[in-house]
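Asker: Residues per chain, in single letters:
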Amino acid sequence: MSDDLIKPEELISRLDYATPKTGWMDTPAVIRPGMYCYSANPKSVEYVGMPHPRKWNPMEDDWLLPENWKDIVLKGLKDRLERFRSLRIFMDICVRCGACADKCHFFLGSGDPKNMPVLRAELLRSVYRNEFTKAGKLLGKMVGARKLTVSVLKEWWYYYFQCTQCRRCSVFCPYGIDTAEVTLLTRELLNELGLNIDWIATPVANCYRTGNHLGIQPHAFKDMLDFFVDDIEEITGINMAPNYNKKGADILFITPSGDVFADPGTYTCMGYLMLFHFLKEKYGLDVTWSTYASEGGNFGSFTSHEMMKRLNAKMYAEAKRLGVKWILGGECGHMWRVIHQYMDTMNGPADFLETPVSPITGTVFSNAKSTKMVHISEFTADLIKHGKLDLDPSRNDHLRVTFHDSCNPSRGMGMFEEPRYVIRSVCRNFFEMPANTIREKTFCCGSGSGLNAGENMELRMIGGFPRANAVRHVHEKYGVNMLSCICAVDRAAFPALMEYWVPEVEVTGVTEMVGNALILPGEIKRTTDLRGEPLPGMEDEDAE
Amino acid sequence: MNVNYVVSLLAVIALILIAFIGSALPGGQALFGIWIPYAAVLVFFCAFCQRILEWARCPVPFRITSTCGQQKSLDWIPHDRFENPTTKFEVVVRMLLEVFTFRSLFRNTRASLKGNGKLVYNLEKWLWLGAIAFHYAFLVVLLRHLRFFLEPVPGAIVALENLDGFLQVGLPGVMLSGFVLLAAVTYLFLRRILNPQVRYISLASDYFPLFLIFAIAASGIIMRYVAKMDVVGVKEFTMSLVSLHPAIPAAGLSSFFYVHLFLVSMLLAYFPFSKLMHVGGVFLSPTRNLTGNSRAVRHVNPWNYPVEVHTYEEYEEEFREKMMEAGLPVEKE
Chain U
1 MSDDLIKPEE LISRLDYATP KTGWMDTPAV IRPGMYCYSA NPKSVEYVGM PHPRKWNPME
61 DDWLLPENWK DIVLKGLKDR LERFRSLRIF MDICVRCGAC ADKCHFFLGS GDPKNMPVLR
121 AELLRSVYRN EFTKAGKLLG KMVGARKLTV SVLKEWWYYY FQCTQCRRCS VFCPYGIDTA
181 EVTLLTRELL NELGLNIDWI ATPVANCYRT GNHLGIQPHA FKDMLDFFVD DIEEITGINM
241 APNYNKKGAD ILFITPSGDV FADPGTYTCM GYLMLFHFLK EKYGLDVTWS TYASEGGNFG
301 SFTSHEMMKR LNAKMYAEAK RLGVKWILGG ECGHMWRVIH QYMDTMNGPA DFLETPVSPI
361 TGTVFSNAKS TKMVHISEFT ADLIKHGKLD LDPSRNDHLR VTFHDSCNPS RGMGMFEEPR
421 YVIRSVCRNF FEMPANTIRE KTFCCGSGSG LNAGENMELR MIGGFPRANA VRHVHEKYGV
481 NMLSCICAVD RAAFPALMEY WVPEVEVTGV TEMVGNALIL PGEIKRTTDL RGEPLPGMED
541 EDAE
Chain C
545 MNVNYVVSLL AVIALILIAF IGSALPGGQA LFGIWIPYAA VLVFFCAFCQ RILEWARCPV
605 PFRITSTCGQ QKSLDWIPHD RFENPTTKFE VVVRMLLEVF TFRSLFRNTR ASLKGNGKLV
665 YNLEKWLWLG AIAFHYAFLV VLLRHLRFFL EPVPGAIVAL ENLDGFLQVG LPGVMLSGFV
725 LLAAVTYLFL RRILNPQVRY ISLASDYFPL FLIFAIAASG IIMRYVAKMD VVGVKEFTMS
785 LVSLHPAIPA AGLSSFFYVH LFLVSMLLAY FPFSKLMHVG GVFLSPTRNL TGNSRAVRHV
845 NPWNYPVEVH TYEEYEEEFR EKMMEAGLPV EKE
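Chains as they are written, first to last, in our numbering: chain U, 1 to 544; chain C, 545 to 877.
The set of hints was computed from the structure by calculation and includes no laboratory data.
Where is the CB? At the ideal position from N, CA and C, for every residue including glycine.
Among these hints, one or two may not hold up.
Pairs of lysine-lysine, DSSO-like flavour, derived with a Cα cap of 27 Å [what the hints assert, rightly or not]: (1) C:866 to U:21; (2) U:43 to C:866; (3) U:320 to U:369; (4) U:78 to U:7; (5) C:876 to U:320; (6) C:772 to U:246; (7) U:369 to C:632; (8) C:876 to U:441; (9) C:669 to U:7; (10) U:441 to C:866; (11) U:114 to U:70; (12) C:876 to C:866; (13) C:662 to U:477; (14) C:669 to U:114; (15) C:658 to U:114; (16) U:246 to C:658; (17) U:137 to U:247; (18) U:525 to U:477; (19) C:669 to U:247; (20) C:876 to U:114; (21) U:477 to C:658.
Which residues of chain C face chain U? A few of them, derived with a C-beta cut under 10 Å, are [to be verified]: (22) 710; (23) 712; (24) 822.
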């Protein structure tokens, strides 16, 4: 973490939630380093054929906008108002009751009123009123209407890339106004002007080309997994051979590539490998990985609906090519939002797949009978419930665990109990964070929706403050030392957040803990967990 | 002083004066008693329906609900049926809870930052209480007014009046709803100007309806308890409006009545063009009125269109050699 990052105490002490003297329409956005992500690399924009690729700098006055930028935006807005009832309703019915105001993690961490969901939406709504409503045309500012100017556009860019689309505000809104949709659609408009951020645009291009957002090519992807296979053999004495691109396998497994690449997601990835090996040995279940569809995450969903669809298409295409029965999805947040709410509609019907049935327990996943895709936590919980896994939870006794409900599986699916059941089955020290900060009221990691870059670290620490605050609470109260989650962005974002706010707490995926507890047939006596840390009671063995 | 509420207040005062003076001018009684109310009702119905149709005609491309409870998945995990509905019936219950009990607003919390740098979230039910009081009082007042438009007065309305006037004090008997409405509007206004965040987001179009409704309630209360209107004369007049044979009573009507009627007309005419349309919108909000079973039942997007994708063939074409070297299966050797 860089030295010039503001200290946590300073960040808290400057928080006063005061409103500026000038009204929000008369307070132009001041784009500040640390609070924004670098602009998109034109090569990435060009690679996927998005419009207006160019080098531009948010800190400079001139953003090199196309001459007819205003027409593009207004035409784009009109088009979306006609295609999305949600947008139209959300533009029309907000009463500004303010119930959402202090529900946003970015507002709680920054005190900036434009981070109140209501005001974030008003940034767009004001232009909508001016262009598309009678009252706005007639009464202007009195009814909250304003003209679209370059300054307004910059404000959009700044604040719609300070929203992680976590949807917490929508839970509290009496009309269910979903800021995530407003953000997504405004980002679409910005993308029509080539105004993406690089942390989204380049992963999108990589995903499109190589199948995963890090741009790992097929041979390297296999190498990386084989590296984990070696690690697992060292710890358990078991050698395993994962399937790649295997035709005729029972199940295609897709997870975010972040878990293949960076700690601590890598340990979760090892957990998957061990689970599939166990199921293969004991029950003959054949799971394959794919290098083509090697990304569950969908940075297209932070760009536009069309880009989301283009990237997501690989899942069904690969399942069809390989001839598997159904698809199993790993631990990921926005990947699951896309699968749950968009995939079947966009790229279905997946009539070449079967209704998912666990061949081991016979459970029919009728909740996924159309999408044909099951979540690893649903799958694992079912296995454990039926006593199909051999588990030794004492191997997680060194962990005092709390669980972070990732935004998308929570407010985009309602998956609360499955991961908790898995955690309670594989570890014996589990503690919940306060009720107002979990389940549907969970707080975002502060880095979702493509904001997990390095240059916007201050923004990430601000956005993650409420989550970290709750973690600190259980750390102090119960000695929690491990924050578990079912999201790869969480696993990438939380280590920095914890280091900043609660340095004593580490981050894990749920399946990593499954891997620790899972007793593989024929394994040697384990002395360390998947991270190479000595297991409880084994601390001295190294020394001997 | 805040220009947004000053302007709104002035606008409402102006409306009151217009009605007060206008109704006293020659021909004013017919204009303010008959033609403006008719026009307002017409505008309200036409524009309200147009607005709803506009929304309803707009497609719902994806089924994106806010899931506020456990999904329906494995049999042994209790499904939170009304916070995460999967059937139409469950959706209806969710919507009823939302519309009649303001379920989401009831969840409201207030965050505060403590001295030790800890964020604390307390239950905050005042907004919910104010909103419930406001809407139900308004509803009761509206229903009570049906007395003026129906002959004979239905038993249900009489029963409601009895309930509303259960205190049995004063003559004429005090109806609670009017005073609750006035108090609730006052609370909502004070909250708007006293809470810095809410004040910051408030527009003139947020204050205007509050002042307007306050003035409507106040003029009604004055007529009932202070000016002691000739109720029989008013009813004769309102029935003439309903029967489309409008006639101003020979004895005339008080200025308070014209003010009251004019403000109500303005509220009706303003309604469809304002945020008050949340009344209709809440029923159409896709995050609340859809089932959350998009993995079990395919949702069809009417404008779904084919997109350019990077096919496996193109992928293999680019990486075939590397794949073969790494021992990965390929389609074409």
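Asker: Against each hint, give a clear statement of whether it holds in the structure.
Answerer: Hints and how they fare:
1. For a cut-off of 27 Å, the pair hint linking residue 866 of chain C to residue 21 of chain U is broken: about 62 Å separates their Cα positions.
2. Distance restraint check for residue 43 of chain U and residue 866 of chain C: the Cα-Cα separation of roughly 24 Å lies within the 27 Å cut-off, and the hinted pair is therefore satisfied.
3. For the given pair, residue 320 of chain U sits about 16 Å from residue 369 of chain U by alpha-carbon distance, which is consistent with the 27 Å threshold.
4. As the CA atoms of residue 78 of chain U and residue 7 of chain U are separated by approximately 44 Å, the hinted pair breaks the 27 Å bound.
5. For the proposed pair residue 876 of chain C and residue 320 of chain U, the alpha carbon gap of about 17 Å is at most 27 Å, so the pair holds.
6. Of the pairs offered as hints, the one joining residue 772 of chain C and residue 246 of chain U is violated, with about 87 Å between alpha carbons and a cut-off of 27 Å exceeded.
7. At most 27 Å may separate the alpha-carbon atoms for a hinted pair to count; residue 369 of chain U and residue 632 of chain C meet this at roughly 18 Å.
8. Annotation: proposed proximity of residue 876 of chain C to residue 441 of chain U is violated, straight-line Cα distance about 50 Å (limit 27 Å).
9. For a cut-off of 27 Å, the pair hint linking residue 669 of chain C to residue 7 of chain U is broken: about 35 Å separates their Cα positions.
10. A threshold of 27 Å between alpha carbons decides the hint, and for residue 441 of chain U with residue 866 of chain C the separation of about 47 Å lies outside it, so the pair is violated.
11. Proposed proximity of residue 114 of chain U and residue 70 of chain U is supported: the alpha carbons are some 23 Å apart, at most 27 Å.
12. Note on residue 876 of chain C and residue 866 of chain C: the hinted pairing holds, with a Cα-Cα distance of about 13 Å set against a maximum of 27 Å.
13. Among the hinted pairs, residue 662 of chain C with residue 477 of chain U is consistent with the structure: their alpha-carbon atoms are about 13 Å apart, no more than 27 Å.
14. Pair hint residue 669 of chain C plus residue 114 of chain U holds up; C-alpha atoms about 25 Å apart against a cutoff of 27 Å.
15. A C-alpha spacing of about 23 Å is found between residue 658 of chain C and residue 114 of chain U, which places the hinted pair at or below 27 Å, so the restraint holds.
16. Proposed proximity of residue 246 of chain U and residue 658 of chain C is contradicted: the alpha carbons are some 56 Å apart, above 27 Å.
17. Using a Cα cut-off of 27 Å, the hinted pair residue 137 of chain U and residue 247 of chain U is violated, with the two alpha carbons roughly 60 Å apart.
18. Only pairs whose Cα atoms come within 27 Å are accepted, and residue 525 of chain U paired with residue 477 of chain U is rejected, the gap being roughly 34 Å.
19. The suggested pairing of residue 669 of chain C with residue 247 of chain U is violated, with an alpha-carbon distance near 58 Å, which exceeds 27 Å.
20. Restraint check for residue 876 of chain C and residue 114 of chain U: the C-alpha separation of about 55 Å exceeds 27 Å, so the hint is violated.
21. Pair hint residue 477 of chain U plus residue 658 of chain C holds up; C-alpha atoms about 17 Å apart against a cutoff of 27 Å.
22. Hint status for residue 710 of chain C relative to chain U: violated, with the closest Cβ pair at about 29 Å, above 10 Å.
23. At about 35 Å, the closest approach between the beta carbon of residue 712 of chain C and any beta carbon in chain U exceeds 10 Å, and the interface hint on this residue is violated.
24. For residue 822 of chain C, the suggested interface contact is upheld, since its CB lies about 4 Å from the closest CB of chain U, less than 10 Å.
The structure is inconsistent with the numbered hints 1, 4, 6, 8, 9, 10, 16, 17, 18, 19, 20, 22 and 23, although it conforms to all the rest.
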